[in-house]
Each structure stands twice: as C-alpha cells, then as structure tokens.
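Note that the protein sequences, when read in sequence, are chains A and B.
Here the first sequence is numbered in my numbering, starting from 1 and rising by one per residue.
Here the second sequence is numbered in my numbering, starting from 217 and rising by one per residue.
Calculated directly from the structure, the hints in this document are not laboratory data.
All residues carry an ideal CB built from backbone N, CA and C; glycine is no exception.
Heads up, a few of these hints could be off.
[Claimed, not checked] Keeping only pairs whose Cα atoms sit at most 25 angstroms apart, straight-line, the calculated DMTMM-like set for lysine to aspartate or glutamate is:
id: 1; chain 1: A; residue 1: Lys211; chain 2: B; residue 2: Asp220
id: 2; chain 1: B; residue 1: Lys300; chain 2: A; residue 2: Glu209
id: 3; chain 1: A; residue 1: Lys171; chain 2: B; residue 2: Glu304
id: 4; chain 1: A; residue 1: Lys211; chain 2: B; residue 2: Glu328
id: 5; chain 1: A; residue 1: Lys171; chain 2: A; residue 2: Glu182
id: 6; chain 1: A; residue 1: Lys211; chain 2: B; residue 2: Glu321
[Said to hold, decoys possible] Simulated restraints, written as ranges between beta carbons of each label pair:
id: 7; chain 1: A; residue 1: Glu209; chain 2: B; residue 2: Pro247; range: 25 to 35 angstroms
id: 8; chain 1: A; residue 1: Ser111; chain 2: B; residue 2: Arg351; range: 29 to 39 angstroms
id: 9; chain 1: A; residue 1: Arg132; chain 2: B; residue 2: Arg268; range: 42 to 52 angstroms
id: 10; chain 1: B; residue 1: Ala426; chain 2: A; residue 2: Gly107; range: 23 to 33 angstroms
id: 11; chain 1: A; residue 1: Ile81; chain 2: B; residue 2: Gly414; range: 40 to 50 angstroms
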Amino acid sequence: MVDFSLWDIVRNLLLALRWTVALSLIAFAGGGIVGLVLLIARLSKLPGAARCVALYVQVFQGTPLLMQLFLTYFGLSMLGIDTSALFAASVCLTLYASAYLTEIWRGCVLSIPRGQWEAAASLAMNFGEQLRHIVLPQAARIAIGPTVGFLIQIIKGTALASVIGFVEITKAGQMIANATYEPFLVYGCVGLMYFALCFPLSVWSRNLERKLSPRR
Amino acid sequence: MSLDFLVVLGQWPMLLRGLALTALLTAVAAPVGTCLGIACAWSRVHGPAWLRAMVGAYVELVRNTPFIIQLFFIFFGLPAMGVKLSPEIASMLAMVLNLGAYACEIVRAGIESTHPGQIEAAQSLALNRWQIFTRVVLPPSLERVWPALVSQIIIVMLGSAVCGQISTEEISYAANLISSRTFRSMESYILVTLVYLGLAVLVRQVLHWAGPRFIFGP
Numbered sequence: 001m002v003d004f005s006l007w008d009i010v011r012n013l014l015l016a017l018r019w020t021v022a023l024s025l026i027a028f029a030g031g032g033i034v035g036l037v038l039l040i041a042r043l044s045k046l047p048g049a050a051r052c053v054a055l056y057v058q059v060f061q062g063t064p065l066l067m068q069l070f071l072t073y074f075g076l077s078m079l080g081i082d083t084s085a086l087f088a089a090s091v092c093l094t095l096y097a098s099a100y101l102t103e104i105w106r107g108c109v110l111s112i113p114r115g116q117w118e119a120a121a122s123l124a125m126n127f128g129e130q131l132r133h134i135v136l137p138q139a140a141r142i143a144i145g146p147t148v149g150f151l152i153q154i155i156k157g158t159a160l161a162s163v164i165g166f167v168e169i170t171k172a173g174q175m176i177a178n179a180t181y182e183p184f185l186v187y188g189c190v191g192l193m194y195f196a197l198c199f200p201l202s203v204w205s206r207n208l209e210r211k212l213s214p215r216r
Numbered sequence: 217m218s219l220d221f222l223v224v225l226g227q228w229p230m231l232l233r234g235l236a237l238t239a240l241l242t243a244v245a246a247p248v249g250t251c252l253g254i255a256c257a258w259s260r261v262h263g264p265a266w267l268r269a270m271v272g273a274y275v276e277l278v279r280n281t282p283f284i285i286q287l288f289f290i291f292f293g294l295p296a297m298g299v300k301l302s303p304e305i306a307s308m309l310a311m312v313l314n315l316g317a318y319a320c321e322i323v324r325a326g327i328e329s330t331h332p333g334q335i336e337a338a339q340s341l342a343l344n345r346w347q348i349f350t351r352v353v354l355p356p357s358l359e360r361v362w363p364a365l366v367s368q369i370i371i372v373m374l375g376s377a378v379c380g381q382i383s384t385e386e387i388s389y390a391a392n393l394i395s396s397r398t399f400r401s402m403e404s405y406i407l408v409t410l411v412y413l414g415l416a417v418l419v420r421q422v423l424h425w426a427g428p429r430f431i432f433g434p
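Could you build the full structure based on these sequences and the hints that come with them?
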C-alpha cells in the first residue's frame with residue numbers, strides 16, 4: 001500500500017479537476033453551437049424541422065446520460081472511428097447539452113412577445129434579420145441566467161465520463177480511494193471540489209435570473 | 217456492422233429483473249423523496265433559523281454535486297463510519313436524498329407563491345398552523361408545481377442508471393452484464409435505452425393522471 005498524505009490526495013484530485021473543467025468547456029461550447037443551429041432550424045418554418053428537433057430533445061431528455069455515453073462510446077467504435085474516452089465523452093456531452101440548450105433557448109425566444117416578430121416583419125426584415133436584430137438580442141438577455149444554470153448540469157454530467165474510463169475527478173477519486181482505502185475522505189473531497197466548482201455558478205445564475213428577467 | 221437483437225432478447229429474464237428493480241427503486245424513491253422535499257420546503261419557509269440553515273446546506277450540497285459522487289459517498293464512504301449498506305439500500309437512499317433536495321426547491325417555489333390573503337382567510341377560520349399548511353397552502357402549491365415535480369422524478373429515475381455502478385442489479389446493470397456475456401454491447405444498450413425512454417413516457421403519464429386525483433385533490 002502506498003502511503004498517501006492528505007495533501008497527496010488533494011493534489012492528485014486537483015490535477016484531475018483540470019479534465020473535468022476541460023470536458024465541461026468542450027461540452028458547453030459544442031452544445032451551444034449545435035443547440036443554436038437546432039434552435040434556428042426549429043424557429044425557421046422548414047417543413048418537419050420542428051418535429052425532428054422536438055423528437056431529438058425528447059430522446060435526450062427521456063434517456064439516461066449514462067446510456068447515451070455507452071451508446072456513443074460503442075457506437076463510434078462500431079462505425080470504425082478510433083475513439084478515445086475523451087472524444088466519445090465530448091461527442092456525447094455535446095449532443096446532450098445541445099438538446100437541453102435548444103429547449104431552454106426556445107423557451108426564452110417564445111417569451112418574446114409575438115408583436116416584436118410582427119413589428120420586425122413590418123419593417124420588411126426577412127427571417128434572418130428578424131432573428132438577428134430583434135428577437136435574439138432580447139431573448140439572449142433572458143437566456144443568460146438559465147444557461148449559466150445549465151452549465152452546472154454539464155459539470156455534474158461530466159462525472160459520468162468516468163464510467164467509460166475517462167480520468168477526470170470522479171475516476172481519479174475512484175482510483176485514489178482504491179489505493180488508499182480512505183473512501184470517506186476521498187469521496188468527501190471530490191464532492192467538495194464539485195461543490196466549489198458549481199456553487200458559485202448557481203449563485204451567479206440565480207442573481208442573473210433575478211436581474212435580467214423582465215419586470216412582472 | 218450488423219445488429220442482432222435476438223441474442224440480447226434471449227436474455228429476457230435478466231432484463232425483466234433489472235426492469236423490476238428500476239421500477240421498484242423509483243416507486244419507493246419518488247413518494248419518499250417528495251415527502252422529504254415537502255418537509256424540507258416547510259422548514260425553509262417556516263422552520264426555526266437553525267433548521268433553515270441545515271436544510272439550506274443539505275439542498276445546496278446535493279444540488280451542486282453529481283449523483284454518482286453522492287452514491288459513491290454513501291456506498292463506499294459511509295462504511296468507514298460504521299454504516300454498512302447493501303447496494304440496493306444505498307441506491308434507494310441516494311435517490312431519496314437527491315430527489316428530496318430538488319423537490320424542496322420546487323415545492324418551496326409553490327409555497328412562496330401562495331397568496332397571503334388565503335392564509336389570512338384560513339387564520340380567520342381559526343385553523344391552526346398544521347391545518348393551514350396541509351389543507352390550504354400545500355395542495356394548491358403542489359398543483360402549481362406538479363409538472364416540474366414530475367419532470368424531476370423522471371430525472372431521478374433516469375439517474376438511477378448510475379446505480380448499476382455499485383452493482384445494484386437494475387436495468388443498466390443488466391445491460392452491462394448482457395453486453396459482456398453476448399458481446400453485443402450496441403444492441404443491449406440500444407434496447408435498454410429504449411426501455412428507459414418507455415419508462416419515462418409511462419411515468420409521466422401515470423403521474424399526470426394520478427396527481428389531480430390522489431395528490432392535490434379535484
């Protein structure tokens with residue numbers, strides 16, 4: 001048995017925390033881009049687009065993230081793509097995040113009064129201009145709070161990447177707990193580190209929602 | 217690339233047992249977790265300051281850490297304190313504690329949006345605090361937040377897939393086992409994912425049907 005001091009445990013966990021943060025950022029950025037594309041597809045009056053996006057969202061919200069991870073991990077390798085755990089986790093979390101973000105943002109767009117669209121249309125703006133100049137800037141203001149809030153869900157979601165063998169903080173915690181026989185201490189530390197990452201975001205998100213939501 | 221679902225379906229007894237355990241975990245965790253959430257919501261709104269602080273810490277701690285860590289802490293960590301739990305009990309406890317924290321915030325939103333006039337009216341009818349909470353404040357609050365509560369119960373049900381990681385033999389555990397037995401990982405994961413999707417739709421239907429009839433009255 002290797003002798004670990006408390007500092008060794010914390011230091012190793014902090015090193016692994018980088019990967020949690022990196023994976024969260026990848027998923028957030030990727031999910032944001034795909035989510036925006038899906039949102040625009042849904043808002044445009046392309047035939048069938050609304051139904052397809054709704055189905056996509058339903059599938060991701062109605063199945064466990066763990067299963068989505070397994071399916072991506074094995075699915076990618078079945079398609080002959082040489083996958084690393086990081087790549088599979090990034091793809092899966094990007095899709096997962098995009099489904100939620102497109103739904104969150106759709107709610108924000110729907111909360112913009114119909115008259116704003118009509119006013120923009122009466123200025124002879126086309127669909128793209130209506131979105132870009134009138135609707136999205138207003139919706140973005142409302143969307144910031146919930147979007148920051150969803151970032152917490154992504155950070156928590158990255159914990160599951162440990163299951164397909166990606167060494168982020170949960171996996172590192174598992175390995176250290178097995179090596180030190182101190183699961184109480186190790187999982188306690190891991191929990192507190194997630195808390196330290198997420199709690200400031202949840203306070204921030206709450207403040208943003210209060211500040212940026214329209215007065216009722 | 218070819219898919220062969222028949223091999224996986226041949227393992228139906230294991231799938232069925234997994235499905236039963238997932239359903240059981242949800243059937244226990246949903247009502248118990250909701251009750252815990254209601255009790256916590258009451259504490260956060262009406263309780264004494266020390267209780268409010270404690271419940272607040274519990275809620276924030278659970279909401280800002282991943283479920284898998286809560287599960288590992290309960291299953292692997294607590295034995296160091298002398299509390300040894302079976303995988304099933306640990307899973308159930310983790311699900312109840314998880315749902316309790318989220319339900320607390322959801323129910324609290326409902327309670328806080330109660331019109332003060334309703335409480336004054338109830339007070340003028342000489343109802344005591346317990347009667348006011350259970351008969352006047354709680355039922356309409358639950359009705360207002362029911363859709364959010366149903367969604368949260370489904371999220372916890374789907375989250376229970378992680379319980380397979382501590383060898384609780386629920387349906388995602390069955391998927392893992394079948395995939396290593398038959399070497400048909402893709403098929404077994406697709407099948408079990410579809411089962412979860414079906415469960416999610418079913419649970420939503422059942423709760424939306426049952427809520428107005430049994431929980432917050434007609």
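key: Hint check, failures only   = 1, 2, 11
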